[in-house]
Amino acid sequence: MNLTAIAAIYRFEMGRTFRTIAQSIISPVLSTALYFIVFGTAIGSRIEQVEGVSYGAFIVPGLIMLTVLTQSLSNASFGIYFPKFIGTIYELLSAPASFLEITAGYVLAAATKALAIGLIILGTAFFFVDLTIAHPVWMLAFLVLTCLSFSLFGFIIGIWAQNFEQLQLIPLLAVTPLVFLGGAFYSITMLPPAWQTISLFNPVVYLISGFRWSFFGLADVALGWSVLAICGFTMACIAVIAWIFRTGWRLRS
Amino acid sequence: MTSPILSIDRLTKTYGSGFKALNGVSLDIRDGEILALLGPNGAGKTTLISTICGIVQPTSGRVTVAGHDTVRDYKAARRLIGLVPQEIALEPFEKVITTVRFSRGLFGKPRDDAFIEKILRQLSLWDKRDARVRELSGGMKRRVLIAKALSHEPRVLFLDEPTAGVDVELRRDMWQVVEQLKADGVTIILTTHYLEEAEAIADRVGVINKGEILLIEETQALMKRMGQKEMRIELTEPVSEVPGVLSGYGLRLEAGGCRVVYTYDRQAERTGIGRLLRDMQDADLHVSDVETRQSSLEEIFVGLVAEDAGEARP
Ligand SMILES: Nc1ncnc2c1ncn2[C@@H]1O[C@H](COP(=O)(O)OP(=O)(O)OP(=O)(O)O)[C@@H](O)[C@H]1O
Ligand SMILES: [Mg+2]
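If you're matching them up, the sequences are chains G and D in order.
The first sequence: position 120 = 120 (this note's numbering), numbered continuously.
The second sequence: position 83 = 83 (this note's numbering), numbered continuously.
Pulled out of the complex, with its shape left as it was, chain G reads as follows (with noise of 0.2 Å):
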């Protein structure tokens, strides 16, 4: 194991995310400071409850997903699609390390990167609303392997993608509308029966649900469902970059 190059890159990433540590956190937190205005003040003036949690404290699991989630999809796919774009790849192909040493060295950094905003978005919402969290370790699991999962799935459309435009693509049109469809802003026993069914085919959904769980005690889905679609997608995610590295798609002509 090369564990000397995944702390290169990893350092190397996070150096990245140091020199530019002010628009890192800035604009993601402001974003969701306007949520909570928004929605948590405006909306919540008038739904006030959902199943018996203050409306501004029942978004606070979404918004916080919501972040990390695009955070590490942006995080994951520039770290690697920069490297493609000027050329520096040449390095890490020439390198001795494995497909996992350097998938966990772009991967690692680009959780690490949205875990902290995920925890400094946390700390944020104090400031808003009164927040108690039931299971804080459950919490943290979820918030971590969320970062993970999502960073690996970053690093894949960064590999996959040949332009700029492509690197938006997914995220821009996948992404973001499962999280806001995935019940960010509300429980999707809200929504109308049909509609509920659609939903359990929205993974996010499952996500959210039980991060939720983690701080309130109450999801949509059952808990184990949720841990499963986590679990899955990570070794999904896994699983096509060992791909991607056994055949060189996209990376070696």
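None of these hints come from the bench; they were simulated from the model.
There could be a bad hint or two in this list.
Restricting the straight-line Cα-Cα distance to at most 30 Å, the calculated cross-link-like pairs of lysine-lysine (DSS-like) are [claimed, not checked]:
1) K128(D) <-> K182(D)
2) K109(D) <-> K84(G)
3) K224(D) <-> K182(D)
4) K84(G) <-> K95(D)
5) K224(D) <-> K84(G)
6) K75(D) <-> K141(D)
7) K84(G) <-> K20(D)
8) K84(G) <-> K128(D)
If you only want the chain D side, here are some residues facing chain G, beta carbon under 7 Å, derived [what the hints assert, rightly or not]:
9) I55
10) D73
11) K75
12) R78
13) R79
14) A89
15) E91
16) L106
Every residue gets a Cβ at the ideal spot worked out from N, C-alpha and C, and that includes glycine.
Starting from the known structure of chain G, arrange chain D with the ligands on it as the hints suggest.
Chain D with the ligands in isolation, oriented as in the chain G frame:
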């Protein structure tokens, strides 16, 4: 002869487009030598290097570095290899020293600031260690690439056109660096379009065209061939054969007996020209014109490539 440090065995590469860029390349590279690969644009030099280094997947054939297969045992093989690519590719916003340290780590070596300093000094980059890459000139960027390739102390270094777009002075600096590396025991394979460069620093010269090695020879032997001169003596009247008295000169008849060609060593103390001309006069051969010419490495090279292209040699 010790076993080769790098052994290429019938390597072929057909790109996805169907283009055959390497056509059965076999080549053994000796430990500690400097090999210059010469070839026209598109000959397959970069493809050959990329295939050895793991950037391009070989279609068939096998490469070993110090006995390690570059596909099956890629980690052990790649640890020994440093690569300076033809195109400059660097993270523009990083500091010089950060990218060089990164390379060392990526290749699995523990951090060693003293060693990095040594390399940066050797490449006259130490003053620029904290500069951002984008603030450097083209020649400096190329040296950063070299520093990155050397950061993990490779035994084999590939330099893909290291002096392309580099001014004369810097080119000489680069040659010095290469000599220094050779003295340190590093094996160097460089590609170049400049014959002068190959002559100046390479122990052996290889000529590649259309994915095939056309020639591989000691530079000195090539130079010796180069040192051979030809004297073409035009005769006023054609002869059917070289007269017996001139048989000791190894003469060749050309142009239907109108021309006698004499090959001699320019550096020899006695070229034998004076005696030949006297002997010819004695043999009643009348000379109308004399011309001497030298076969240069350039000519050998152009000739080989032209021959390969199926054109008649001039
Ligand atoms: N990724 C690729 N896909 C398809 N064909 C390629 C690819 N890379 C190179 N080629 C082709 O392979 C041939 C050899 O290219 P290569 O870059 O190895 O040449 P070279 O000898 O390095 O040339 P130069 O002196 O210009 O650098 C060229 O005809 C080139 O067009
Ligand atoms: Mg080339």
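Taking the hints in turn, this is what the structure says about them:
no. : hint                : verdict
1   : K128(D) <-> K182(D) : holds (25 Å)
2   : K109(D) <-> K84(G)  : holds (24 Å)
3   : K224(D) <-> K182(D) : holds (23 Å)
4   : K84(G) <-> K95(D)   : holds (20 Å)
5   : K224(D) <-> K84(G)  : violated (46 Å)
6   : K75(D) <-> K141(D)  : holds (27 Å)
7   : K84(G) <-> K20(D)   : holds (24 Å)
8   : K84(G) <-> K128(D)  : holds (26 Å)
9   : I55                 : holds (5 Å)
10  : D73                 : violated (10 Å)
11  : K75                 : holds (4 Å)
12  : R78                 : holds (4 Å)
13  : R79                 : holds (5 Å)
14  : A89                 : holds (3 Å)
15  : E91                 : holds (6 Å)
16  : L106                : holds (5 Å)
Of the hints listed earlier, those the structure fails to meet are numbers 5 and 10, in rising order.
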